[in-house]
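Engineer: The whole structure should be built from the sequences, with the hints applied where relevant.
Chains as they are written, first to last, in the numbering used here: chain E, 109 to 242; chain C, 109 to 242; chain G, 109 to 242; chain A, 109 to 242.
It does not matter which identical chain is meant; a pair holds if it fits inside one copy or across any two.
Straight line, CA to CA, 25 Å or less: simulated DMTMM-like cross-link-like pairs of lysine to aspartate or glutamate: (1) Lys-140 with Asp-173; (2) Lys-140 with Glu-125; (3) Lys-140 with Glu-219; (4) Lys-140 with Asp-112; (5) Lys-140 with Asp-184; (6) Lys-140 with Glu-162; (7) Lys-140 with Asp-224; (8) Lys-140 with Asp-183; (9) Lys-140 with Asp-187.
Note that these hints are calculated values from the structure, not bench results. Source: prediction; values computed, not measured.
Chain by chain, the residues:
Protein chains: 4
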Amino acid sequence: MTADPMLFNLPVRVYIEDTDAGGIVYYVNYLKFMERARSEWLRERGMTQASLLEEQIQLVVHRLDCHYARPARLDDLLDVTAQVTQQSRCRMTFAQDVYSEGMRLCRANVEIACLDAQRLRPRAWPQALAGITQ
Amino acid sequence: MTADPMLFNLPVRVYIEDTDAGGIVYYVNYLKFMERARSEWLRERGMTQASLLEEQIQLVVHRLDCHYARPARLDDLLDVTAQVTQQSRCRMTFAQDVYSEGMRLCRANVEIACLDAQRLRPRAWPQALAGITQ
Amino acid sequence: MTADPMLFNLPVRVYIEDTDAGGIVYYVNYLKFMERARSEWLRERGMTQASLLEEQIQLVVHRLDCHYARPARLDDLLDVTAQVTQQSRCRMTFAQDVYSEGMRLCRANVEIACLDAQRLRPRAWPQALAGITQ
Amino acid sequence: MTADPMLFNLPVRVYIEDTDAGGIVYYVNYLKFMERARSEWLRERGMTQASLLEEQIQLVVHRLDCHYARPARLDDLLDVTAQVTQQSRCRMTFAQDVYSEGMRLCRANVEIACLDAQRLRPRAWPQALAGITQ
Chain E
109 MTADPMLFNL PVRVYIEDTD AGGIVYYVNY LKFMERARSE WLRERGMTQA SLLEEQIQLV
169 VHRLDCHYAR PARLDDLLDV TAQVTQQSRC RMTFAQDVYS EGMRLCRANV EIACLDAQRL
229 RPRAWPQALA GITQ
Chain C
109 MTADPMLFNL PVRVYIEDTD AGGIVYYVNY LKFMERARSE WLRERGMTQA SLLEEQIQLV
169 VHRLDCHYAR PARLDDLLDV TAQVTQQSRC RMTFAQDVYS EGMRLCRANV EIACLDAQRL
229 RPRAWPQALA GITQ
Chain G
109 MTADPMLFNL PVRVYIEDTD AGGIVYYVNY LKFMERARSE WLRERGMTQA SLLEEQIQLV
169 VHRLDCHYAR PARLDDLLDV TAQVTQQSRC RMTFAQDVYS EGMRLCRANV EIACLDAQRL
229 RPRAWPQALA GITQ
Chain A
109 MTADPMLFNL PVRVYIEDTD AGGIVYYVNY LKFMERARSE WLRERGMTQA SLLEEQIQLV
169 VHRLDCHYAR PARLDDLLDV TAQVTQQSRC RMTFAQDVYS EGMRLCRANV EIACLDAQRL
229 RPRAWPQALA GITQ
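Structural biologist: Shown next as structure tokens:
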């Protein structure tokens, strides 16, 4: 899809659990696919939400927007991307697309906040997640 | 549906999130509807899973079987029942039906185990949940 | 919550199916609660997605944004609102909030498109759904 | 796990969407994982539910039972199996296990019915799905 080294891709197969009575993927479920891609992006860096929690770091979705262009169907093999487009001291924004056969189905921006897991207050990114967009 | 004082009923509306590409309720989701009915059965007795956990009591599904006869459709108003049919020292079995307009769509038996929340080992039912079938 | 005659409210109970390993409502699921409120808003006007489809009218989510402020927990009784804030020839935007005990947990704007169900092209709102914001 | 040529395996990663407030996989979701394995079993035979529907063949879950032994946790990599254990003229039963690190978490038997998609009545298995257990 691209040669951008910052762009992470995850293939996602559409199962019957993902569809709705309109015969297409239930629009809310693309947000689950996108979170799977962010989880694998994190795993590729040697981390998981569980391993971060052990360091008292909790990642939460603070804000998202999503634009739907075309629907996916049962048995489609989707390509879900994740790319960090902005990062501040305590926030990070992912641009995420869902493609099917090279066509973009939807695009979202998902803003994640980094919290101290005990106090649930914003905190700085740990070393391993700092400076992503540089 | 019945005059049995032991039978608990919960109305459940079918939304688009509950359906699949077959145009009907995704069969796995009836088990969610049944858990909603068990949760409300518990609430009617003045308890919740959260309040039980404060007493170190955790309820888990140990076994279930389900037989599907007819499908529900978008916007149907279902009637979901819950009735305790068996109880032993550490287990309880609910018979649960889902009806639409007086017709039974599916029936399940759901066996719940009462655990000590710390040790995750079977323990006796607390006073408030003992002797249900007597 | 308000005396605004245009504001629709739906109570939604949080069940275990709605939560995640963080012990709170999985953030994606608020969008399901909001769709339930829009479905009931439609039903109050004497329509359902199914009845609209019989007139070859299909409603789809075209765009949404959501801002999360506080999490909901298991057994919370939420208040989910729906209010049409903008309407054009083929589009309608709902502002939707989720409250728990008077505190706002999240707010979304959900833009719906009205399509011809056969051609899947934008079409004008039917009489019963035109002029909502006037 | 086994050298049985009839045994199909699908790896399934646990994501936050699959968990509940107990910090473990929501028990209902194992049934989704099992259906993913059956879908891939079918795909390996060159079929999908969609391709079967084009031949007017609809597969539905008629009955299931499930026994839960141990819970899975966030980020676990599960091994989900599917094996046909019984087949009659219009029915087929899959035994399905979910393993994590070699330990069985749950086991289900899922009975599928083969229907004529138009009349929704039982029909014989098509050639490609007949005689599986022989």
